[in-house]
Amino acid sequence: GESVGLHLPTLSVQEGDNSIINCAYSNSASDYFIWYKQESGKGPQFIIDIRSNMDKRQGQRVTVLLNKTVKHLSLQIAATQPGDSAVYFCAENGADTGRRALTFGSGTRLQVQP
Amino acid sequence: DGGITQSPKYLFRKEGQNVTLSCEQNLNHDAMYWYRQDPGQGLRLIYYSQIVNDFQKGDIAEGYSVSREKKESFPLTVTSAQKNPTAFYLCASSPKTGTVAFFGQGTRLTVV
Numbered sequence: 109g110e111s112v113g114l115h116l117p118t119l120s121v122q123e124g125d126n127s128i129i130n131c132a133y134s135n136s137a138s139d140y141f142i143w144y145k146q147e148s149g150k151g152p153q154f155i156i157d158i159r160s161n162m163d164k165r166q167g168q169r170v171t172v173l174l175n176k177t178v179k180h181l182s183l184q185i186a187a188t189q190p191g192d193s194a195v196y197f198c199a200e201n202g203a204d205t206g207r208r209a210l211t212f213g214s215g216t217r218l219q220v221q222p
Numbered sequence: 263d264g265g266i267t268q269s270p271k272y273l274f275r276k277e278g279q280n281v282t283l284s285c286e287q288n289l290n291h292d293a294m295y296w297y298r299q300d301p302g303q304g305l306r307l308i309y310y311s312q313i314v315n316d317f318q319k320g321d322i323a324e325g326y327s328v329s330r331e332k333k334e335s336f337p338l339t340v341t342s343a344q345k346n347p348t349a350f351y352l353c354a355s356s357p358k359t360g361t362v363a364f365f366g367q368g369t370r371l372t373v374v
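Protein chains in written order, with our numbering: chain A, 109 to 222; chain B, 263 to 374.
It is worth saying that the hints were derived from the structure and are not from the lab.
One or more hints might be untrue.
To be verified - Calculated pairs, SDA-like style, for lysine to any residue (alpha carbon to alpha carbon, straight line, at most 25 Å): (1) A:179 to B:320; (2) B:333 to B:373; (3) B:358 to A:157.
Predicted model only: the values in this text are computed from it and were never measured.
Model the full structure from these sequences, guided by the hints.
Here it is as C-alpha cells:
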C-alpha cells in the first residue's frame, strides 16, 4: 500500500509496551473529539471519542484523556501490538465555527518493534 | 468499510480533464464529506453536505465541485481548474454533521 504520511512525527515502541500519542487541538469551543487510526492505503477507522464534559474515557486497550485547560488530547494504547502500527489522527468538531465538519490534526505514525 | 463505498480505488487523469470520484453510503446518514490527504499532512476538508440538495465549501474547495441529489450519493468532480489534483481522496458520512464520521477506503488520483 501507499504511505499516507512521509514526514509525520513518529513514535517507536516495543511490542508489549504502552504507547501515548499526543494531540494539541486548536479550538477552545470544540466539544467533541475523536481518535482515528489509518493504515497504509486505507481510510481512517474510528477508535474512540470523548465529549468535553469528560476528562477520560476508556475502551478496549485504549484510553483517551482530555485536558481542556491546555487544549490537549492524548491516546494511550496498552500492551501495544504489531497490528497497532499505523498513523493516528485526532479530530475536533469546532462547535462554534459554524462549520459542521471535523477538523483533523496532522497525525502521528506509530511503529511497533517486535 | 462501514457501508461507504468509494470507486475507483485508483484513477489516472490527463492534465486538463475533469474527473468524477464516486461515493455511496448505505448507512442512512444525513451528512457526507470529502477530504483530501497529501503525504505528511492530515485530512483537509473539500466539501460537506448536511442534507440532500445542500452542500457547503470546506477549506480547499477551489477546483472541485459536488452534488447531493440523493441521500446515498455524494460524487466529487475534480476539475481542470484544480492545479495540483494528485492526492488521496477520502469520503465519509455521519448520522448528522459534527458527529463521528465513518470513512470509505479512498481513491488515489494521479495526474499523468
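So, going through the hints one by one against the coordinates:
1. A:179 to B:320: Holds: residue 179 (chain A) and residue 320 (chain B) sit about 23 Å apart, inside 25 Å.
2. B:333 to B:373: 30 Å, violated
3. B:358 to A:157: 16 Å, holds
Going through the hint list in order, the structure does not satisfy hint 2, though it satisfies all others.
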